[in-house]
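One-letter residues, chain by chain:
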Amino acid sequence: MADITLTIDGVRVTVPEGSTVREACGQSGEAPPVLCFHDNLTPANACRACVVEVEGSRALVASCSRKAEQDMVVHTQSERVLNARRVVGELLASTSDVSLAPGVQDLLSQNAGDPARYRTGATWEQQVLDDNGLYVRDYAKCILCYRCVEACGEDAQNTFAITVAGRGFEAHIDAGFGRSMPDSDCVFCGNCVAVCPTGALIDRSEYTLRQTGAWQEEAVSTTETVCSYCGVGCDLELHVLDNRIVKVTSPMDHPVTHGMLCVKGRYAYQYVQIEDEMPERA
Amino acid sequence: MREYRLLPPESVRSHPASYERLVERGFERALNRTQSLSPKTIIQEVSDAGILGRGGAAFPTGRKWASVAEAPFRPKYVVMNADESEPGTFKDRVLLMDDPLGALTGMIIAARAVGAHKGYVYIRGEYQDVEARVAEALRMLETRGFLADGLTIEIRRGAGAYIAGEETALFNSIEGRRPEPRVKPPFPTVHGLFGKPTLIQNVETLANVAVLLSESVQWFREKGTDRTPGTKLVCLSGAVQNPGVYEVAFGVPLKEILFSEELGGGLASGRALRAVLLGGAAGTFLTPQELDEVQYDYPSLRSIGASIGSGAAMVFDDTVALEDVLKLLAHFFADESCGQCVPCRVGTRRMMEILESPDGFDDAERLRDLGRAMQDASICGLGQTAPLALLSYMDRPTLWKRSAV
Ligand SMILES: Cc1cc2nc3c(=O)[nH]c(=O)nc-3n(C[C@H](O)[C@H](O)[C@H](O)COP(=O)(O)O)c2cc1C
Ligand code: SF4
Ligand code: SF4
Ligand code: SF4
Ligand code: FES
Numbered sequence: 238m239a240d241i242t243l244t245i246d247g248v249r250v251t252v253p254e255g256s257t258v259r260e261a262c263g264q265s266g267e268a269p270p271v272l273c274f275h276d277n278l279t280p281a282n283a284c285r286a287c288v289v290e291v292e293g294s295r296a297l298v299a300s301c302s303r304k305a306e307q308d309m310v311v312h313t314q315s316e317r318v319l320n321a322r323r324v325v326g327e328l329l330a331s332t333s334d335v336s337l338a339p340g341v342q343d344l345l346s347q348n349a350g351d352p353a354r355y356r357t358g359a360t361w362e363q364q365v366l367d368d369n370g371l372y373v374r375d376y377a378k379c380i381l382c383y384r385c386v387e388a389c390g391e392d393a394q395n396t397f398a399i400t401v402a403g404r405g406f407e408a409h410i411d412a413g414f415g416r417s418m419p420d421s422d423c424v425f426c427g428n429c430v431a432v433c434p435t436g437a438l439i440d441r442s443e444y445t446l447r448q449t450g451a452w453q454e455e456a457v458s459t460t461e462t463v464c465s466y467c468g469v470g471c472d473l474e475l476h477v478l479d480n481r482i483v484k485v486t487s488p489m490d491h492p493v494t495h496g497m498l499c500v501k502g503r504y505a506y507q508y509v510q511i512e513d514e515m516p517e518r519a
Numbered sequence: 032m033r034e035y036r037l038l039p040p041e042s043v044r045s046h047p048a049s050y051e052r053l054v055e056r057g058f059e060r061a062l063n064r065t066q067s068l069s070p071k072t073i074i075q076e077v078s079d080a081g082i083l084g085r086g087g088a089a090f091p092t093g094r095k096w097a098s099v100a101e102a103p104f105r106p107k108y109v110v111m112n113a114d115e116s117e118p119g120t121f122k123d124r125v126l127l128m129d130d131p132l133g134a135l136t137g138m139i140i141a142a143r144a145v146g147a148h149k150g151y152v153y154i155r156g157e158y159q160d161v162e163a164r165v166a167e168a169l170r171m172l173e174t175r176g177f178l179a180d181g182l183t184i185e186i187r188r189g190a191g192a193y194i195a196g197e198e199t200a201l202f203n204s205i206e207g208r209r210p211e212p213r214v215k216p217p218f219p220t221v222h223g224l225f226g227k228p229t230l231i232q233n234v235e236t237l238a239n240v241a242v243l244l245s246e247s248v249q250w251f252r253e254k255g256t257d258r259t260p261g262t263k264l265v266c267l268s269g270a271v272q273n274p275g276v277y278e279v280a281f282g283v284p285l286k287e288i289l290f291s292e293e294l295g296g297g298l299a300s301g302r303a304l305r306a307v308l309l310g311g312a313a314g315t316f317l318t319p320q321e322l323d324e325v326q327y328d329y330p331s332l333r334s335i336g337a338s339i340g341s342g343a344a345m346v347f348d349d350t351v352a353l354e355d356v357l358k359l360l361a362h363f364f365a366d367e368s369c370g371q372c373v374p375c376r377v378g379t380r381r382m383m384e385i386l387e388s389p390d391g392f393d394d395a396e397r398l399r400d401l402g403r404a405m406q407d408a409s410i411c412g413l414g415q416t417a418p419l420a421l422l423s424y425m426d427r428p429t430l431w432k433r434s435a436v
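Residue numbers (our numbering), protein chains in the order written: chain A, 238 to 519; chain B, 32 to 436.
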């Protein structure tokens, strides 16, 4: 593939054709911050945390999805860019509970954002939706990054159980007509949970431990293994706290799973920790 | 002063959707003539005439046609954008009711020029009378064999969303998806409806094509300015004697549109003018002084940071507090945001809340930071232009808080 040379903050950078502007930025300095972007998902272009200034373009440009072009002149630290980043962080913090969203917290702290500046009215505060045994939905924490929708749809699961409904500030993730997850098309693969950056989707095990104050992030260790259910042989990471499995994930860079699992691999781990009970012999 | 090119003069009496009308307006001539012209020649004429898109962005129409024609993929589509939902904008409705064959003729010619065999007319859902009129006109054209080369044209009805008028949201709507705008590039000319090269034009743009090709480039350029040839439909509303849709040549003094007897006829109540909101909800407030200085043309308006937009001009007299108007506009955008991107989804809401709070206009820095982030970082024109009216007001202290009488 041909190479592309462009100028980023005054520095000439050469990248392979097809690279994004953000990838090019990462070569010469710090890549712009991202919230909705995920390596394994189609860019949603929704959060706008990653915008940069491209000369000749009236509006700022989402660096996570825009392809680098020959002789582009990019500014990642202009006043317009910094204002946009800061306001995006402030707007999200004015709406959602970002306590489990490190990305938003970083965006705020790195841009001197004031989480209270735009707290002028409505928020997304709402009841936690606790309708199935495997994961909990706390949409007060949602930032509508579209990752879950994409993981459930064409990017991974192809189940299409969830989508965005409503418009404007009322836009929200929905399983169709406000249905509960068990009534929806959901197959409980938990791939939406795996990509959610805010804790809005959270495994029941982790949720329960957090509720009781027993979750200790630092004390969680991970063990790699291979799923024992079928011949695909997905890589699993068992997250263990106090010698109990509290969460199962798969490495996002794994060539087979790309971080995605099925309901058995992700949630059917209880048998591992049930002590054998030998039947009494007659 | 008042022109009759796109709008039929009163002497035209035939039924708007009839074959007689097609002949009377010269559109049959345009259709027959272009059948014998090569696509290249048609595109050349459209380029030479200097038609700019009338849907708001004023993009050169000929360039758009050339780029769809050159796009390597098939099939190609042509779409007429009749979603018309910008507040204060009601010209496409009048055009399609009074002379539907013009825009449809332009569309048939466009399809031939770019090599499309399928067309869609996307009509605002509330415009049921318009839809019936367009359907009738389309049937006549079909029956008489004017849809040549296997061209079929379908009507699609919007479902009450302003955002569905944004071209890529409109494609999603036709495809049966949520009308969320797509990121550009890629542009519709190469990746449009169903991912195929698509020509999308406003109703008025296509009507211009029809009158152009029924006459000649030279005739077309007789009206308007050298940079912006032709005429424009203006939607005049608010505190004028004669609100309505008027056709004027580009370059007329803006003042005349408001005050000429043939057009606006001056302020209705005999009161003083406070401001004109030019270009719709996403437009710019102009002071009476500015109004005196500019012509109705892009370069002149650009010098004061304004634009023609969709052709709306809302007139406010001195009984109106512009702060109240801004609150209504903010409400409109908060209602109509699709919700996809953060600056617009949350920004339109916060702007509305801030303006509605008692001392909302006081913290100028907070409002400006928000407005600039929306302008700079939103995905589409809705979020990018939602703060324009507010920012234009903030830049013009003579418009501030003079209490309504
Ligand atoms: C929020 C939004 C709403 C729009 N609504 C309309 C509309 O109702 N009708 C229209 O012709 N163009 C509308 N546009 C502009 C279209 O995206 C597009 O530029 C236009 O249809 C192109 O046609 P033209 O080149 O003939 O102007 C809208 C744009 C935005 C951002
Ligand atoms: S658990 Fe799987 S199927 Fe269910 S909503 Fe999430 S991604 Fe879709
Ligand atoms: S639930 Fe999580 S993944 Fe889904 S949109 Fe909200 S924040 Fe993003
Ligand atoms: S700017 Fe507003 S309307 Fe446009 S994509 Fe973003 S949220 Fe939707
Ligand atoms: S990370 Fe680029 S738009 Fe969200």
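Hints were generated in silico from the structure; no laboratory data involved.
We put the beta carbon where it would ideally sit given N, CA and C, even for glycine.
Hints are supplied without guarantee of correctness; some may be wrong.
[Unchecked claim] When the alpha-carbon atoms are kept at most 20 angstroms apart in a straight line, the in silico SDA-like pairs for lysine to any residue are as follows:
{"#": "1", "chain 1": "A", "residue 1": "K304", "chain 2": "B", "residue 2": "K254"}
{"#": "2", "chain 1": "A", "residue 1": "K304", "chain 2": "B", "residue 2": "V221"}
{"#": "3", "chain 1": "A", "residue 1": "K304", "chain 2": "B", "residue 2": "S49"}
{"#": "4", "chain 1": "B", "residue 1": "K215", "chain 2": "A", "residue 2": "S256"}
[What the hints assert, rightly or not] Which residues of chain B face chain A? A few of them, derived with a C-beta cut under 7 angstroms, are:
{"#": "5", "residue": "V214"}
{"#": "6", "residue": "F218"}
{"#": "7", "residue": "G370"}
{"#": "8", "residue": "R399"}
{"#": "9", "residue": "D400"}
Exercise for the section: Report the numbers of all earlier hints that the structure fails to satisfy, in ascending order. Expected result: Of the numbered hints, 1, 3, 6, 8 do not hold.
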